[in-house]
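*Asks:* Chains as they are written, first to last, in full-length UniProt numbering: chain A, 1 to 110; chain B, 1 to 110; chain C, 1 to 110; chain D, 1 to 110.
Worth flagging that the hints you see were computed from the coordinates, not collected in a lab. There may be inaccurate statements among the hints.
Claimed, not checked - Which stretches of chain A does chain B cover? Using the computed rule of at least three CB atoms under 8 angstroms from a CB of chain B, they are:
1. 36-46
2. 101-108
What the hints assert, rightly or not - Quick list of the computed label-pair ranges, beta carbon to beta carbon:
3. C/P86 x A/T3: 50 to 58 angstroms
4. C/S87 x A/P31: 14 to 22 angstroms
5. B/G106 x C/N2: 30 to 38 angstroms
Unchecked claim - Not close to chain B: a few residues of chain D, all C-beta gaps over 12 angstroms, as computed:
6. P5
7. D21
8. S25
9. E30
10. D32
11. A34
12. K38
13. R41
14. S48
15. H62
16. L63
17. D80
18. S83
19. R98
20. W108
All values derive from a computational prediction rather than experimental measurement. We put the beta carbon where it would ideally sit given N, CA and C, even for glycine.
There are 4 protein chains.
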Amino acid sequence: MNTEPYQSCIEACDACAAACDRCASACLGEPDIAHIAKCIRLNADCASLCRFTSAALARESHLAPEFCALCAQICDECADECSRHPSEQCGTCSDTCRICAEVCRGIWSQ
Amino acid sequence: MNTEPYQSCIEACDACAAACDRCASACLGEPDIAHIAKCIRLNADCASLCRFTSAALARESHLAPEFCALCAQICDECADECSRHPSEQCGTCSDTCRICAEVCRGIWSQ
Amino acid sequence: MNTEPYQSCIEACDACAAACDRCASACLGEPDIAHIAKCIRLNADCASLCRFTSAALARESHLAPEFCALCAQICDECADECSRHPSEQCGTCSDTCRICAEVCRGIWSQ
Amino acid sequence: MNTEPYQSCIEACDACAAACDRCASACLGEPDIAHIAKCIRLNADCASLCRFTSAALARESHLAPEFCALCAQICDECADECSRHPSEQCGTCSDTCRICAEVCRGIWSQ
C-alpha cells in the first residue's frame, strides 16, 4: 500500500481523468451528438483539471488544497451532466466524478 | 492578426508558461539552490496552470473566467517570488507573470 | 523580439494547440458529427502533444528534438484530416498544423 | 476490477507520473543540487509524457502504441538516472519507471 501524502486523492483524480476521457471518446460515437455535446465539453474540462490537480498533489504544492476546491466543483458539474444520460460510459463517469469531488473536498477542508 | 475569442489571454498564458519553464530550468543551474527552490516550485504550479487555462480558453469553456481568476492569483504569487531574485530569468519570468495576471483578471471581471 | 532558444517552435506549437482545441470545439457544433469525429479525435492528440512539446522546448530538454519529430508526424496527420473538411475551423487548423509540422521538423533535423 | 481497455498501462503511467513528480519535489530539498539536477530534468520529461500517454490511452487514440514506445524510452532513461542516486525517492522512482517502461512496451509490441 502506497502511504505517500495525498495518495488517495491522486488516485481519485487519475481515475476521474481516465473516466472523463473515456466518456468523451465513447460519446463521440453516439448518434445524437447535439444531445451529448455539453457532456463532452465538461469531460474535457474535468479530465484536464484532474490531471493538473493530481500533478500538483504529487509535487505537494502549497496550493494543492485550493486546486482541489476548484477540482471538486468541476467534478460535481461533470457528474451532474453525465447523470442525465443513460449510456454506460456516462454512468461510470458520473460515479467516478462524485468520488473524486468528495475526496478533493476532503483535502480542501483539512 | 488573430481575432479569435480570448486570443490575447491565450497568448499571455502561453508566454507565461514558457517563461516559468525557462525560469525553473535556468534556476536548476544556480549554485545556491536552497535559496531558489521555492521559485522552482511556484514555476511548476504556474506553468502547468497557465497551459491548462490556455486550453480551456481555446475550447471556450464556460468555466474559463473561473480558471482565469485562479490563474491570475498563481501568476501574482510566482511574480512576487521571482521579483525577489536578481537573476535574468527571474526578472523575465516576473514581468511575464504580471502581464498574464492582468490579462487573466480582465477575463474574470468581464 | 524574443530571442530565447526554440522560441519560434514554441510559438508554432502553442498556436497549433489552440487551433486544434478551437477546431474540436467548433466541430462539436456541426450537425453531422459522424463525419467529423475522426477530426475531433486527432485534434485531441495534436493539441495535447503540441502543449507537451512546447513545455519540453521551454525546459530545453535534451529530448526536445525527438519530441518534435513525433509532434511533426501527428501535426501532419491532423492537417491531412482537417483538409478534407470544408469548415472554416478545419481550414485554419489544417494550415496551423502544417506550419507547426514544418517548424518541428526543423528542430529534429538540426 | 476495472476491465477497460489499456487499464493496466494507464495505471502504470499514472503511478510513474506521480513518482517522478514526487522524486523531483524531494530532490529539490537535497543539499547537493548540482549532483541531482539531471534527475530533476528527466523527472519533468517523464512525468509529463506519462500523463500525456495516459490520456491518449484513455481516449483509445489510434496512436497510443507509438506514444507508448516513446514513453517506454523516456521511462528507461529516467530509471537509469534515478538508479544512480541512493535517496529513497530516487529508488522508488526508478522502480516505478521500470514497471511503466515494461507495460508501455507491451502495448507497443501488441
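*Asks:* Indicate, hint by hint, whether the structure satisfies it.
*Replies:* Status of each hint after checking the structure:
1. Under the rule that three or more residues need a Cβ within less than 8 angstroms of chain B, the assignment of the region 36-46 of chain A holds, with 3 such residues.
2. Evaluation of the coverage hint for the region 101-108 of chain A: breached, as 0 residues show C-beta separations to chain B shorter than 8 angstroms, against a requirement of three.
3. Judged by the Cβ atoms, the range 50 to 58 angstroms given for C/P86 and A/T3 holds: they are separated by roughly 56 angstroms.
4. Distance hint check for C/S87 and A/P31: the Cβ-Cβ separation is about 21 angstroms, which falls inside the suggested range of 14 to 22 angstroms.
5. Distance hint for B/G106 and C/N2: a CB-CB separation of about 22 angstroms, inconsistent with the stated range 30 to 38 angstroms.
6. At roughly 25 angstroms from the closest C-beta of chain B, the C-beta of D/P5 stays outside 12 angstroms, upholding its exclusion from the interface.
7. With a closest Cβ-Cβ approach of about 8 angstroms to chain B, D/D21 is found to fall inside the 12 angstroms limit, against its non-interface label.
8. Non-interface status of D/S25 relative to chain B is broken: a Cβ of that chain comes within 12 angstroms, the nearest being about 7 angstroms off.
9. Not every CB of chain B is more than 12 angstroms from the CB of D/E30 (nearest about 8 angstroms), against its label as outside the interface.
10. Distance check on D/D32: its Cβ comes as close as 9 angstroms (rounded) to a Cβ of chain B, failing to clear the 12 angstroms threshold; non-interface status is violated.
11. Not every CB of chain B is more than 12 angstroms from the CB of D/A34 (nearest about 8 angstroms), against its label as outside the interface.
12. Not every CB of chain B is more than 12 angstroms from the CB of D/K38 (nearest about 9 angstroms), against its label as outside the interface.
13. Residue placement check: D/R41 does not keep its beta carbon more than 12 angstroms from all beta carbons of chain B (closest about 7 angstroms).
14. Look at D/S48: its CB is around 9 angstroms from the nearest CB on chain B, not clear of 12 angstroms, so calling it non-interface is violated.
15. Every CB of chain B is more than 12 angstroms from the CB of D/H62 (nearest about 22 angstroms), matching its label as outside the interface.
16. No Cβ of chain B approaches the Cβ of D/L63 within 12 angstroms, the least distance being about 19 angstroms, so the stated non-interface status holds.
17. Chain B leaves D/D80 outside its interface by the beta-carbon criterion, the shortest separation being 19 angstroms against a cut-off of 12 angstroms.
18. The claim that D/S83 lies off the interface holds: its Cβ sits roughly 20 angstroms from the closest Cβ of chain B, which is beyond the 12 angstroms cut-off.
19. In this structure D/R98 is separated from chain B by more than 12 angstroms, as the shortest Cβ-Cβ distance comes to about 25 angstroms.
20. With a least CB separation of 27 angstroms from chain B, D/W108 remains clear of the 12 angstroms interface cut-off, as annotated.
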